[in-house]
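Just so you know, the sequence shown maps onto residues 1 to 162 in the working numbering.
For the record, the hints were derived by calculation from the structure and aren't laboratory data.
Hints are supplied without guarantee of correctness; some may be wrong.
[Stated by the list, open to error] Simulated crosslink set (DSS-like; lysine-lysine; CA at most 25 angstroms straight-line):
| id | residue 1 | residue 2 |
| --- | --- | --- |
| 1 | Lys149 | Lys96 |
| 2 | Lys96 | Lys151 |
| 3 | Lys76 | Lys160 |
| 4 | Lys114 | Lys152 |
| 5 | Lys114 | Lys96 |
| 6 | Lys160 | Lys114 |
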Amino acid sequence: MQIHIPDNPQYRELGAYIQDVKHQKGPLIKVLHKAQSIFGYLPREVQYFVARELNITESSVYGVVTFYNFFSTKPKGENEINVCLGTACYVRGADKVLSMLEDELEISNGETTKDNIFSLNTARCFGACGLAPAVMINEEVYGHVDRKKIKKMLSEYRTKEE
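With the hints as constraints, model all of the structure from the sequences given.
This is how it looks when you write it as structure tokens:
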């Protein structure tokens, strides 16, 4: 199946980057990081383009994209919410916090809100066990999270987006 690659500035930027690094040893991960920074995520067309430009198989690209959790095949929201599910957080109710966030955002873990303001994910540990249960929004860690704090946090980020 042939995939159409549009001629646009994003693909031209990625193509130029690939030409600069393709002769280095093991450029795929670098290229995928660059592609994700340009496009925001790695849809099939971008993976195909990377494979074609690096002269490797699509399955090789897909395997790397799906193996590492920092690559995404779906669009991400402006704000990335991660709920810690490490032992301390889990024991203190992180599963309930995740459920509250899913209800409040009307999405499931791994999804992005319709307005693209939030993406919801889980992580194993933030190193903030004393703040359990902990939630990270972008780079900001919030501790002792409960329903009231969730509403306040989401409200602050929604206000920033307006």
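Here's how the hints hold up against the structure:
1. Annotation: proposed proximity of Lys149 to Lys96 holds, straight-line Cα distance about 13 angstroms (limit 25 angstroms).
2. Annotation: proposed proximity of Lys96 to Lys151 holds, straight-line Cα distance about 14 angstroms (limit 25 angstroms).
3. Distance restraint check for Lys76 and Lys160: the Cα-Cα separation of roughly 17 angstroms lies within the 25 angstroms cut-off, and the hinted pair is therefore satisfied.
4. Only pairs whose Cα atoms come within 25 angstroms are accepted, and Lys114 paired with Lys152 is accepted, the gap being roughly 20 angstroms.
5. Taking the CA atoms of Lys114 and Lys96, the gap is near 23 angstroms; set against the 25 angstroms cutoff, the hint holds.
6. For the given pair, Lys160 sits about 17 angstroms from Lys114 by alpha-carbon distance, which is consistent with the 25 angstroms threshold.
Violated hints are absent here; each numbered hint is respected by the structure.
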